[in-house]
Structure formats: C-alpha cells, structure tokens
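Participant: Next come the chains, spelled out residue by residue.
There are 2 protein chains.
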Amino acid sequence: MAFVSGLKCRECGREQPASPVNVCDFCFGPMEVVYDYATISEVVSRDRIEAGPLSIWRYGDLLPADSDNPVDIMAGYTPLLKADNLGKRLGLNNLYIKNDSVNPSFSFKDRVVSVAATKAREFGFETISCASTGNLACSVAAHAARAGMRAVVFIPADLERGKVVGAAIYGPTLVAVDGTYDQVNRLCSELADNDDYRWAFVNINMRPYYAEGSKTLGYEVAEQLGWRLPDHVVVPSASGAMFTKIWKGFNELACLGLLDGVEASSFGPDQNTVHHPAVTTQMHMAQAEGCSPIVSAWDNDEARITPVRPDSLAKSLAIGNPADGIYSLRVINNSGGSAYAVPEDQIVSGIRLLAETEGIFTETAGGVTVSALAHLAEKGAIGPDELTVVYITGNGLKTQEAVEDEVVNPLTIKPTISSFEAAFNG
Amino acid sequence: MAFVSGLKCRECGREQPASPVNVCDFCFGPMEVVYDYATISEVVSRDRIEAGPLSIWRYGDLLPADSDNPVDIMAGYTPLLKADNLGKRLGLNNLYIKNDSVNPSFSFKDRVVSVAATKAREFGFETISCASTGNLACSVAAHAARAGMRAVVFIPADLERGKVVGAAIYGPTLVAVDGTYDQVNRLCSELADNDDYRWAFVNINMRPYYAEGSKTLGYEVAEQLGWRLPDHVVVPSASGAMFTKIWKGFNELACLGLLDGVEASSFGPDQNTVHHPAVTTQMHMAQAEGCSPIVSAWDNDEARITPVRPDSLAKSLAIGNPADGIYSLRVINNSGGSAYAVPEDQIVSGIRLLAETEGIFTETAGGVTVSALAHLAEKGAIGPDELTVVYITGNGLKTQEAVEDEVVNPLTIKPTISSFEAAFNG
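Those protein sequences? They're chains A and B, same order as listed.
Quick note: to get the numbering used here, add 44 to the position in the first sequence (first position is 1).
Quick note: to get the numbering used here, add 44 to the position in the second sequence (first position is 1).
Treat the hints as calculated values from the structure; they're not laboratory data.
Hints should not be assumed to be uniformly reliable.
Pairs count within a copy or across copies, as identical chains cannot be separated in the list.
Stated by the list, open to error - Below, simulated EDC-like cross-link-like pairs (lysine to aspartate or glutamate); rule was C-alpha separation at most 16 Å, straight line:
| id | residue 1 | residue 2 |
| --- | --- | --- |
| 1 | K458 | D226 |
| 2 | K132 | E430 |
| 3 | K458 | D202 |
| 4 | K458 | E234 |
| 5 | K458 | D222 |
Please model the entire structure based on the sequences and the hints provided.
Facilitator: In structure tokens, the structure reads:
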C-alpha cells in the first residue's frame, strides 16, 4: 500500500483526498501528493530497499501507488556508469552517466508511467491517455498493453518516426495532431475535463502521481553511489517536472536519514519544497536553444515563464509552456545550480561525443544534456574532481533521422579482399 | 583473472594454449575454451555471484576473460518477466520472457562482445572487428568506443536502417559489403588470416571466447528463477552458437552444484558436451522459413547442415551457413527439444503479439521466437503448467521498417475537440 494522505495545492495550500485531479478547485494551482512521512520513516530502510525488485518499485514506500500490485514492465534501476573517457575529454575526473535509455520502452518515461498506470488502475480507470512529445506515448502504450487497459495517445503529427512506430507497435489508439505539443496538451486538458471521456491522462489528471515517478532518478543515483549524493547533476528539461523531482528525491532521502552520515530531519509543513541542509547537489538544467523558456526566465531573473513556440531538433524537449517551469527555477536557485540553452548545432555533436567516448547512443535530448555538460565543464562551473552525474533519459534509435546523414558514411565494397583494400587504403 | 587452461578442438580433441585462433591447425575443427573447473568449483558460489555487479561480469569466474578489468557497458542482467497476458493467449500458465532488448547497444550481442573485447585487449589487439548481420556491428562499435579501441565492422549493404545508424553512431569504420552475410563472413575470415590485418574479429579469430558470453543467458535465467531451470526454452538461432551456449550454461551450473537441490558432479573429459542428468530443460530452436538450414537438417534427420541462400525478413537470423549448426542439432537431440521454421508471414504477427500483450517491442528475430512459441503451445509440445522461458534477444527500434506500414495508422486531427470527436467516433 502507498503512504499517501492526500493532495495539496502548491499555491494556496488547500488539501483534499487523493483523487485524479491535478488543478486546485480554488486557485487553479497544481496539486501535489502529500505523504505520511511519519509512517514511511518507520517502515523504510536501506535494507528494505536493497532487498526489493530491480525496478523503481524497490522504492515503493516512497511512491504514491500500491507497490504490491504495480503495472510493471521493469522500469528503472538502470545502469550508472563511470564515464572516464568522456570525463577525460571534458577535464572531469569523477563523472558518471545515468543511462536511462535502456528502460523497457527506451526512455525515462517508463518510471512515471508505471506509477501513473498503477494509480489509474487503483482509481478504476479502464483507459489511459496522454499528451506526448513521443517517449511518453511509447511508454503509455506499452504499460497499457501490460495492464490490459486501453490506451489513447496524442502526439504532434511531425514526430520522429521511431517514436511513432515505437508507440504504435503496442496497439494504442494513436492520435496525430496537426499542431505543437502545447496545442496537443491543451486539447487533452479539455478532454480530461470532459465527462464523456473518463480517461486517466497520465500527465494531466494523473499528473500529481505521475510526476512522482521521476523521484526514482534521484533515489537510484544516490543508492548506486553508495547512499551519497553527487556534487552536480545535469538534467534535460521540457516541462521541468523531472528536474524538480530529482531534487525532491535527494531531499527525501536526506530527511529520512537514508544517506551516509546524514541525520534524519522532519519534513516540515511544506513537503514539496523541503530542503535538507545536507543536500548540496547543484542542479543544472539543460534545454535546447530552440525551446528554452525556463533558461530564458533564469537568465533574465524572472519568476514567471514566458511561453515560446518551439523550433528545435530536440522534439522530446519541445514544450513551450512548461508546467513546472517556475518550480524548477526555484530548485535551480535553492541548489545553487544553473540553466543553459544549448545551441541547436551542438545537439548532434553531443550525441556523437557520448557515443564515441562511452558507447551509449542517446536521442536528441541526450545530445542537449551532454553539450550542456561540456559547457559547464569548460566554463569551470564544475570542478575537475567534483562528483557529477549526467542524466541520459532517452534512446538514440528513436531519433535516427537527426544523426543519420552525418554518421552513416560506409565504405561500400564487393565481397573481395581487393575491393576491400582499394576502399580501405584508398 | 580467468580460469582458462587453454583451447581444445571440438573435432579431434587436440589442445593448445589460449590464443586468438578459432580453427584447429590439424583438422580445421572449431576450437573451444577449456576451463580449470577444479579451481572454479573452489571459488564460485551463489553468494559470490549475487554480490557481483548487475551485468554479465557477476559470472566472471565462468567467463574466459579477466573480470577484474572488463570492457563493460553493463551488458546483461536484463529483466525476466512473468508473461501472464501472453501466456493466457497461448494457454501457458507459467511463461517468462527474458527481455534482452534492453542491453546497452540493444541486443544480446553485448554479452558476447563484452567478453570478446576484454579478451582482445588482453591479447594486445588495438582493433576489433566483426562480420555482422547488424546487432553485432552495433555492439562491437559501442564496446570499441568504451575501450578506446578502433572498430572496423563489416555488414551486408542491405541491412535495416536502425542497425546501420545504430552501429555508425559510435564512430567505427563501417564497411558495407554488396553480398550476403555469408559472403561478408568469408571475406572477414580471409582478412583474419591475413598478417596485414592484426585485428580481433570477435566472431572469427576470437570466436571461442566470444561465444562463451552467451552462457550468461543461461546463468541469468537460472538465477532469476531462484537457481532452478525452466522445463522449456525457446531460442532464436542464426549460427546456432547462442543456442548451444545456453545449454552449456545450464549444465555448468548443475555440475558446479549451484542449482537448487542438484548435486555437483565432475565435468568429465569433454567439457563442451557435458550433460548433467538434472538438466531436463527441452531446448527449442526458432528460425525463419526464409533461412532455416538447421531446422531443415533436424526435420530431415541429417547430421550435416546444407547451406542455404537466405531470403528472410529476419535479417539478424539470416546466416545460410551456420558455424554451430551441427552442435546445435546435438543439443536439440540431447535435450529432447525441437526446431521449427516460422513462416515469413508470421514474423510481424509475432512482434505485434508480444508488444500488445506484454509491452515489449522486439525486432524481427523476436517475432520469429514468439511465433515459434505459439506453434509449440498450439501443438502441445509445451504443457500448460510447464515453466517456459522465451528469449527475446533484440530491439524493435532497429527493424522499424518491418512493422511500420502495418501498425502506424493514426487518427489525424486538428487540435480541436470537434476534430478529435469526428475522427474518434467516426
């Protein structure tokens, strides 16, 4: 069972029982899950986590859905690799890659969808749905298949082929919308409010539960580092939700006394902005220049986000009106972090740099992240020996068209030694 | 360190020290690794394995390369999922999927290449190479990047785009050969014999070490089932090497006394054909009808394989002259297994069946495997309650063209409720 005591508005603080809503009835602020941390702290332990399954559900005590019966295709517990080759290129001696490209539907979205689908089933929904930039559609369709639920997934019509095929294969109703992601999201928000469609939109009416799944990206890194936190993390951002949840995950572990040498402490009245003083990780956000509304707000020291119309190669980050933008600005500030918009022409070079140094093939979002890391190293924001984790959240096989022309340039030969030698030596 | 005492010819039995050769100087038979099992049995234990890394290197005592310093991008320890939905469709109550599509370069080949690259570095090679049907090229290029070695990978020129891009991204020298895989393999065999190219061809001169990596597919399934073996496994086959090595892995575990309730026993003089009586798993081979030379030999009760010219949608299985064909026939016989050639028109339906029931997107080889499983269930070769594991060895994002036309059929709409409702209800 989940230790959830209800939902609470992040703006006005009003509470209500757990239900499939994401917006406060009173002030239209976003709702978030409230946990019974007193009970959690009695139950949770490193031993209990380490004895759990090799998936996000090992952290079930800290997730807002019932971990006894999850919709589970084995999301999470992905590798954390020491990246000595990439580190050497960038002058970083203590660099790690969190490789989330090897999740079951091949992006980090499996974490959030596994939680949302489980909760949707608890609430009695028979259909799960989403507005997606691609990876989410794949994950919702895959989890629906596993759960025996119907999936209706909405995508912008101009998505990369790998994301369309990678969603369609699981047999959802696939709706291609002639518009931007933000238009797709608006349409889905209207449908979620419409009583004719009693569907669990994972990132709309299920959003409070869904977003919590990304906390596991924080938990896992801490556990894989031996129950300690990195000095820096570099995280790609679209809505900003994952960025805030990694930070939340770090602080939960600290408050619960699960980190090495860190005293437990109370969560205080506002669970979602808790900051344990032992959490000194600097949170660095990466966006692509063609869609960087959060970075722009941070650069201009604005507390609000000005929506943009995306025009970026990194379609999975192309959210012009990011739902968690302002909250991620606060995390950047609270953590002493930064935000950087990667020039569009450095996305493919970031993909190639990671592949050629560490043997990991990431999608365009990962190219953004690696190029942001290179920028941070170059300007000295990350010291040579500081423990740094870069989050690689998606799979390069889904965005092949972004790199194909640049990397596919084979020697073409006949099946003879002479033909090979002419090409190879010539 | 690895517990390898040398190489031995599978045909004439002559032994020689471990070196990068795959063919016997005397009789041209294939060489295989000889282990010092006496020492291994003193060292290895379940506890030691379970305390190891979450990769194939947890079984390092049983691999022929030095596990203290592997070329490692975290191959292996992939999920084993209970497949209740697919089981229900097929009338199987105890069905599991070994999902090897989530390896770091997205196929089981990472297992064999991690071993081969590690051994190649031990032998002092600076270049690793291969003849590939696609997945191997991706894996060799990825591991070379990680190891800081040069990669030269040879592929048939007509491969699927995902495999070409998925190899090229890591920066190898990519050689596209206008010919079949068997022609590519013959060219590479000549190059491996040529002193001008002192390269480690992972599946040619490194083959004895390389092939052993597939034993981990047996070890992991046994460990994940609680140190017991399935009643049946269904395995796709191209060269037949993986098929024989899964069987070898099962028998090694039994002989070493690592399985539940099984007494250890000696390996006897011929390590590679050892069969512990407690190993009763029936080994079922899946090939595609367009390239099924091993199945044909089995069907016709022939001890030799007649090479074929492949014409199959399952390009990763398209080896017309399989190097381990005769050895895999012996495994089928010794295990009381079977071999089945899946009609070409059932490959895509197998991919879809797995995706729609379990949320796992596999490549064409996996479609072959699932359709073979369905055939075995239908004809009663697998009983309803028998513990069955189906090996899914590759990733559907690499063979999108095989399914795209059939599955991508979205509702295309404007970003309005009325446009959605017209399409959805119409």
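Participant: Take the hints in turn and mark each one as holding or not.
Facilitator: Here is what the structure says about each hint:
Taking CA atoms no more than 16 Å apart as the test, K458 paired with D226 passes between copies only; the shortest distance there is 13 Å, against 50 Å inside one copy. With identical chains, the CA atoms of K132 and E430 are at most 16 Å apart within one copy only, with a shortest distance of 13 Å there and 52 Å across copies. In this homomeric assembly, K458 and D202 come within 16 Å of each other (Cα to Cα) only across copies, at 13 Å, whereas the closest approach inside a single copy is 38 Å. For the identical chains of this complex, K458 and E234 are inter-copy neighbours only, at 14 Å across copies versus 58 Å inside a copy, given an alpha-carbon limit of 16 Å.
For a Cα distance limit of 16 Å, the shortest separation of K458 from D222 across copies, 5 Å, qualifies, whereas the shortest one inside one copy, 45 Å, does not.
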